[in-house]
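Chemist: Each chain is listed here by its residues.
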Amino acid sequence: DVQMTQSPSYLAASPGESVSISCKASKSINTYLAWYQEKPGKTNKLLIYSGSTLQSGTPSRFSGSGSGTDFTLTIRSLEPEDFAVYYCQQHNEYPLTFGSGTKLEIK
Amino acid sequence: QIQLVQSGPELKKPGESVKISCKASGYTFTDYAMHWVKQVPGKGLKWMGWINTYTGKPTYADDFKGRFVFSLEASASTANLQISNLKNEDTANVFCAREGPYWDPRFAYWGQGTLVTVSS
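Chains as they are written, first to last, in our numbering: chain A, 1 to 107; chain B, 1 to 120.
Simulated from the structure, these hints should not be mistaken for laboratory data. Treat each hint with caution, since some may be false.
[Said to hold, decoys possible] Cβ pair distances, simulated, as ranges:
id, chain 1, residue 1, chain 2, residue 2, range
1, A, Ile106, B, Thr30, 42 to 52 Å
2, A, Ser18, B, Gly15, 49 to 59 Å
3, B, Pro101, A, Ser9, 24 to 34 Å
4, B, Lys57, A, Lys27, 19 to 29 Å
5, B, Gly8, A, Gly57, 49 to 59 Å
Beta carbons are placed, not taken as given, at the ideal position from N, Cα and C, and that holds for glycine.
The shape of chain B in the complex, shown without the other chains (with noise of 0.2 Å):
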């Protein structure tokens, strides 16, 4: 079956980097688009961006361009979300989530999150 595991919680200091991993599994990896979605605890989904798994090329909302950074490992089924410099409101559960078939961005399939707490 389809599942998306995503790497575990992360506690950080401000100014620290974070790597947060998704590791795909039941289907063909670079056949859709991976996305990745933020939620701050007891708040909303927002939407951070998403990578192409075929070519690679990532596109970020605007409220997640410079420190974050989508990329793939391919051959492992999994796509990394890379955050540096981290700030106090970074403090999340980050989730990874699978497109749609035909290019269509809903979401079928979601990772369990990872929470990344930023506290110094």
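Only chain A is shown next, with the shape it has when bound in the complex (with noise of 0.2 Å):
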């Protein structure tokens, strides 16, 4: 199976700032990593999918990249609505994996 590491598992910053979180694969999975986005209340929400393309109705402000064994997902100037849960998940085989999870909190 591939193992995702996803890290950090907590992340703090502010309105405006820009952050980043990693997920590494065990294995390459070529471009394929899905982001999603965990919110209370709201069901899960697919932000990016095969690395680096926007899911339609994502905001331009999250990017991914990344290919073989390292992915990054980037979300410049943080909007009050964007603190959540973050997921990566490989989508190159089976069985699926998904990393632990990245939350991002209002510091």
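Grab the two chains, each in its own frame, and use the hints to assemble them into the complex.
Modeler: If you want it as structure tokens, here you go:
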């Protein structure tokens, strides 16, 4: 199975700042990496897939990069609604696996 | 619009069974596979497996073989998950999630989750 190591597990930032979250795969997953946002009372939201492709409706302040084993989610100029939990997921092979999550909180 | 609506929370005793439903709307149900994902409260996401909504064939992740059954009521655009012989460690929020186009297992659509609590 592909192990997904996500870091940091916790991140505190202020609105307007930029942050990055890392996701590392235990073997190459090509570019098949998705990022999700989890917020209380809302269904999980797909932000980015295939490493860098923005899902329809994802604001342009979100960006994804990487290939092979190393991936990054960057959020520029944080908005209040961005404070949430973020997960990565490899969609290259079965079994599908997720990172352990990053909780982004307001500083 | 596309929606996945799951059945309500369940409180069960160890050894009992539970059936969770996921009703899809806004698209042709048999065009996209349905996946199931487990989340222990306060923890991360774990993929349980998926069901081909066209053929009905289920595929289970290793940790979910034996007591877990994926099924369909295709005429009702509904996917079901039944868990038998419930254990305390089955306590979790369980999500259905629709696969993307071209058999790409990325999940643009999720159910709201069904909390299963197993307690004596």
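Chemist: If a hint holds in the structure, say so; if it does not, say that too.
Modeler: Hint-by-hint comparison with the structure:
no. : hint                            : result
1   : A:Ile106 to B:Thr30: 42 to 52 Å : holds, 43 Å
2   : A:Ser18 to B:Gly15: 49 to 59 Å  : holds, 51 Å
3   : B:Pro101 to A:Ser9: 24 to 34 Å  : holds, 32 Å
4   : B:Lys57 to A:Lys27: 19 to 29 Å  : holds, 27 Å
5   : B:Gly8 to A:Gly57: 49 to 59 Å   : violated, 28 Å
In summary, the one numbered hint that this structure violates is 5.
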